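J.: Take a look at the letters that make up each chain.
Number of protein chains: 2
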Amino acid sequence: MRILLAEDEPELNRALVAVFTKNNYSVDSVFDGEEAVTYLTEGDYDCAVLDVMMPKMDGITALKTIRKAGKTLPVLILTAKSEIDDRILGLDSGADDYLTKPFAVKELLARVRAITRRLTVGVDANLTYGNCTLSRSSYLLSAPGGEVRLTNKEFQILEMLMSAPSQVISPETFMEKIWGFDSDSDIGVVWVYVTYVRKKLAQVKANVNVKSLRGAGYTLEIV
Amino acid sequence: MRILLAEDEPELNRALVAVFTKNNYSVDSVFDGEEAVTYLTEGDYDCAVLDVMMPKMDGITALKTIRKAGKTLPVLILTAKSEIDDRILGLDSGADDYLTKPFAVKELLARVRAITRRLTVGVDANLTYGNCTLSRSSYLLSAPGGEVRLTNKEFQILEMLMSAPSQVISPETFMEKIWGFDSDSDIGVVWVYVTYVRKKLAQVKANVNVKSLRGAGYTLEIV
DNA sequence: AAAGATAAGCTTAAATAAACCTTAAAAAGG
DNA sequence: CCTTTTTAAGGTTTATTTAAGCTTATCTTT
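Which chain is which? The protein sequence lines are V and Y, in order. Here the first sequence is numbered in the numbering used here, starting from 25 and rising by one per residue. Here the second sequence is numbered in the numbering used here, starting from 25 and rising by one per residue.
Treat the hints as calculated values from the structure; they're not laboratory data. Just so you know, not all the hints are guaranteed correct.
[As the list claims (entries may be wrong)] DSSO-like, lysine-lysine: derived pairs with alpha carbons at most 30 Å apart: (1) Y/125 to V/130; (2) V/125 to Y/88; (3) Y/177 to V/235; (4) V/125 to Y/201; (5) Y/46 to V/130; (6) Y/201 to V/201; (7) V/177 to Y/130; (8) V/125 to Y/125; (9) V/46 to Y/88; (10) Y/88 to V/130; (11) Y/235 to Y/201; (12) V/201 to Y/229; (13) Y/95 to Y/201; (14) V/130 to Y/130; (15) V/95 to V/125; (16) V/125 to Y/46; (17) V/235 to Y/223; (18) Y/80 to Y/92; (19) V/88 to V/130; (20) V/235 to Y/229; (21) Y/229 to V/130; (22) V/46 to Y/125; (23) Y/177 to V/201; (24) V/235 to Y/130; (25) Y/92 to V/130; (26) V/46 to Y/92; (27) Y/92 to V/201; (28) Y/130 to Y/201.
[Unchecked claim] Derived list of chain V stretches under chain Y, where covered just means 3 residues or more per stretch with a C-beta under 8 Å from a C-beta of chain Y: (29) 122-135; (30) 200-210; (31) 226-240.
All values derive from a computational prediction rather than experimental measurement. C-beta: ideal position from N, C-alpha, C; glycine also.
Please construct the entire structure, taking both the sequences and the accompanying hints into account.
T.: Right under this line is the structure:
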């Protein structure tokens, strides 16, 4: 499995090369976006890991460039903060996943494994469960009763639930992954958004709802 | 859940012990790397939190040492801010995650949860004994007679029993591990929950019940 | 060895506390 | 402005704890 890594911090670059190598990937690494584009358009990689902030060309632009050139390989974006804008930008421009720094190496490996497993981009841009689908690019939730646009937070809640439909996700986990560790919002905001998501699911007559397991968290169920 | 904390700054050490204790971990704390190695090789911990800069032996060396000794427990490394080299060394040497100081306590707890979750939920999300299984993610107990959801406390009682089916667990141990060291609830609450667990086991027609050994504690038996 | 006495454990119902829901309105941000 | 997000408050439901009366095993005494 061949990976291209684009990361300008020398130490992190070196370390990630070591990690990937240790896990039986063959890695080429570059230190800026232009190099990344060159390698990706000319070489044959199974996956790319791109930092956002890089000299000469940022990761998002690099990604857009190679997508325009017809490259469909799975791409994982590294962002410095949990900047929603970066994230949306990344997904719009055809990223398959993103990871905010700092991250656990195991998580990086898991995500790389996940996106290389599908190996087709765009196909997985929609999530499906029950009779409804959620578009990752447009935030549109559609079901027999029509379609409705979700707001950012609503989308992230439902995305997390739909990408692991049998898992139980605790309000604290939502808080951590969506609002971030340093958020000082009350946990109650999760409850509010669960209500909103339920309303929108009902509005499009989805046969799916968000079930709460008191003391454990939320999970999706088909009614 | 047992944690070993190695941190040489006295105030931070004390504060973290307090935080972990409050969150129902049992913590042992040490102040240098050599002690950390001793405790970790001889004791039985579920997780370790190691500072990098410590007297006698640094955290990275301690980590490498225990990994060489075959310890696979999840380890989180604490590094002073922006010491990238330390961070990298940590990842190379087998750390599961790292956190740069200063950090938010919430984030520390979240990361410890994350790396220990792999331990419990990741591989072995279900417990089995006799003809019944208990799902760690949904708190669902299932057996030939159907399935039923356990509450938090019920789940923890049964989880402890099922993860060591032949062991006898005293009411005091339940109290300590589930309600916490500083709980001022009466021990009688354990009797109450044992009753509830028995009822639910019967409800799903499990061939398992909670046997009490007077003066000793409880254990599971197959009827 | 039988009769109480004592303590350990059992069960239930009611009271309390915590988790969760919903709505409306205020605040933040484009 | 208009939309999204957060806060706040009151309401509902469910989990947890308390408390009290109960059973059963073990121990004491005769």
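J.: Hint compliance check: list the failing hint numbers for this structure, sorted ascending.
T.: 4, 12, 21, 27
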